[in-house]
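Which chain is which? The protein sequence lines are L and R, in order.
Quick note on numbering: our numbering labels position 194 of the first sequence as 190, and the sequence is numbered without any gaps.
Quick note on numbering: our numbering labels position 20 of the second sequence as 16, and the sequence is numbered without any gaps.
Among the hints, a few may not be true.
[As the list claims (entries may be wrong)] What follows is a set of in silico ranges between Cβ atoms, one per label pair, in the way DEER data are often shown: (1) L:Lys19 <-> R:Lys14: 48 to 58 Å; (2) R:Pro228 <-> L:Asp165: 29 to 39 Å; (3) L:Asp50 <-> R:Ser72: 19 to 29 Å; (4) R:Ile128 <-> L:Pro150: 24 to 34 Å; (5) R:Phe176 <-> L:Pro228: 55 to 65 Å; (6) R:Ser72 <-> L:Gly202: 23 to 33 Å; (7) L:Arg18 <-> R:Ala143: 26 to 36 Å; (8) R:Pro150 <-> L:Ala151: 14 to 24 Å; (9) R:Pro150 <-> L:Gly129: 25 to 35 Å; (10) R:Glu70 <-> L:Leu205: 47 to 57 Å; (11) R:Leu217 <-> L:Lys14: 53 to 63 Å; (12) L:Ala151 <-> R:Leu69: 31 to 41 Å; (13) R:Ser56 <-> L:Gly129: 43 to 53 Å; (14) L:Gly190 <-> R:Glu204: 52 to 62 Å.
Source of the hints: derived by calculation from the structure; they are not laboratory data.
Don't be surprised by glycine CBs; every beta carbon is placed ideally from N, CA and C.
There are 2 protein chains.
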Amino acid sequence: MTQMEIMTAYKEKMSPIKSTGRKVVVLLSGGMDSTTLVYYMRNLGHEVYPITFDYGQKHSKELTSAERTCKKLELSYKFVEIGLGDIAPSALTRIDIKIPHGNYDEESMKVTVVPNRNMVFLSLATAYAIGIGAEKVAYAAHSGDHAIYADCRPAFIDVMKEAIYLCSDDEVVLNTPFEFIDKVEILKIGQTLGVDYSLTWSCYEGGELACGRCGTCRERLEAFEKVGIEDPISYKE
Amino acid sequence: MTQMEIMTAYKEKMSPIKSTGRKVVVLLSGGMDSTTLVYYMRNLGHEVYPITFDYGQKHSKELTSAERTCKKLELSYKFVEIGLGDIAPSALTRIDIKIPHGNYDEESMKVTVVPNRNMVFLSLATAYAIGIGAEKVAYAAHSGDHAIYADCRPAFIDVMKEAIYLCSDDEVVLNTPFEFIDKVEILKIGQTLGVDYSLTWSCYEGGELACGRCGTCRERLEAFEKVGIEDPISYKE
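Take these sequences, add in the hints, and give me the full structure.
This is the structure we're talking about:
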């Protein structure tokens, strides 16, 4: 299948439909996956309410990215500060723990796991959803995260779906449309939806330019390479 | 059964055992139930790590109560601020929504529901537990809360047990020993454990003295009356 054929196939599947009038709270980090999810939910005709968490991450540049995407799409934007670094240590929040370079393999990247981050985010997003009367909470867990992040795995997602449904008195449903696809597929979908990836940020380092060497930079670059398009952001090396 | 017989029965069941060396994170609000749970877990020989949340509640007096109990028992104390009132509205956090007076029946008390509060607290407590290597997280959900609080019901607790186990890579277990007993039973247990209830706070109003009229005050007074002992805190009326 050529790139053109893939795009056409996706375009047919993804063509915008009429407004559903449904409110969806989307966990938006400012990275590629969650930004694509915002476009995806919007394209389904939902009213999208992104929620972004400042949990003391070094790569706070992703927060600016999240905000820029919301401005571009004219979406109401919820920003929540939560001191996760103080509650549980991780290389992403503590200056005394270094971000590892190299591949996204299990051992080296383990220090980047923020304990229980997704459950914390999902619980707060659900509180927000109940408050604004949203019918869905969505997050961009994908198959590439399964190995190292326990809170991205299908087994966890399944019980969280039940927990969220129950705690909201059967009113909020958890959606994870990217659960069984990888970053390459997500990027292909994003291409057909016109996602502006120049506004996204992935690098775990807090630098001015993306490092190009940490696990998340490598994963991103690999996805762009596989889809055969150029990453619109600049890299240090 | 006389009060004396009940106390003796509990004392036999509850006699302190040797240290288990296990760390348990206990959600401590500063109220009767969670304070009893701290004593209960301590009495089982566990190292107890209370965690308390300032979520913008009007009755912030309970925070002082939580701290005083921790000081009395010489426990390391974790205090977390989380702006829930800003994320989802409730009578407990918004000055523009009044605390209802009267019985703890479903309709009048519904405004006191803080959307998804327990899932938020449990997710943060689990992050903390993973960070300090604790084996358990415990919270004092009890049968009296089932009717109005979705996040105190057995069905919710069951899935959260699974979710917490999964997201912690099978390392953290959720304990809810009071799940099927009521406040009267909790108070009886507390009596045998020597819980200092003068350091607890229940009233939802933010006053100097407990109002004696809100749902939680009434429920507390009723429990003390049924057990046949005097509530050591003072009331306005």
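Verification of the hints:
no. : hint                              : in the structure
1   : L:Lys19 <-> R:Lys14: 48 to 58 Å   : 53 Å, holds
2   : R:Pro228 <-> L:Asp165: 29 to 39 Å : 36 Å, holds
3   : L:Asp50 <-> R:Ser72: 19 to 29 Å   : 27 Å, holds
4   : R:Ile128 <-> L:Pro150: 24 to 34 Å : 28 Å, holds
5   : R:Phe176 <-> L:Pro228: 55 to 65 Å : 57 Å, holds
6   : R:Ser72 <-> L:Gly202: 23 to 33 Å  : 31 Å, holds
7   : L:Arg18 <-> R:Ala143: 26 to 36 Å  : 29 Å, holds
8   : R:Pro150 <-> L:Ala151: 14 to 24 Å : 21 Å, holds
9   : R:Pro150 <-> L:Gly129: 25 to 35 Å : 27 Å, holds
10  : R:Glu70 <-> L:Leu205: 47 to 57 Å  : 50 Å, holds
11  : R:Leu217 <-> L:Lys14: 53 to 63 Å  : 56 Å, holds
12  : L:Ala151 <-> R:Leu69: 31 to 41 Å  : 37 Å, holds
13  : R:Ser56 <-> L:Gly129: 43 to 53 Å  : 28 Å, violated
14  : L:Gly190 <-> R:Glu204: 52 to 62 Å : 59 Å, holds
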